[in-house]
Amino acid sequence: MLKKINDYENNIIEGKKYYVFSAHDSTLSALLRTLGAKQKLLGSRQPDYSAVLSFELWIDNNDNYSISLQYSDNADKPFRDITELISDCIEINNMCTLDRFIERSEKYRMKIDEKKVESTLSSFKEFC
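Using my numbering, the letters of the sequence shown correspond one by one to residues 1 to 128.
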């Protein structure tokens, strides 16, 4: 999910302005862990049903991109800014620079060996 978010944040500059993902509470919990925010935000609890995590991409007057992270506990609670809870993120004006967000998130991205995938698919096709 972090890979998709990073990819979309890079593409949103040129393309679509709004993306929506839906996930289970356990997936949202895992995403909050990769951001370093889960323990600070929820402790040992899981996110409530209908909790929302919103990544906002901002641009300043100098064409610098930043991320703001907003969270709502459930449908009855207002959004609150939790950007400061993102681990290893440099904050400027209560935001995390896009470059720093991508850099700090890289360690959580799954590395895919394209050649191995192609080889496996070829073997599978031959088997079928």
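Hints should not be assumed to be uniformly reliable.
[Unchecked claim] Calculated lysine to any residue pairs in the SDA-like style (CA-CA distance at most 20 Å, straight line):
#1 Lys-38 <-> Ile-102
#2 Lys-77 <-> Ser-105
#3 Lys-40 <-> Tyr-65
#4 Lys-40 <-> Trp-58
#5 Lys-40 <-> Ser-105
Hints in this document: simulated from the structure, not taken from any laboratory.
Hints and how they fare:
1. Lys-38 <-> Ile-102: holds, 19 Å
2. Lys-77 <-> Ser-105: violated, 28 Å
3. Lys-40 <-> Tyr-65: violated, 25 Å
4. Lys-40 <-> Trp-58: Distance ~24 Å between Lys-40 and Trp-58 Cα, so the pair is violated.
5. Lys-40 <-> Ser-105: holds, 18 Å
Consistency note: the structure conflicts with the earlier hints numbered 2, 3, 4.
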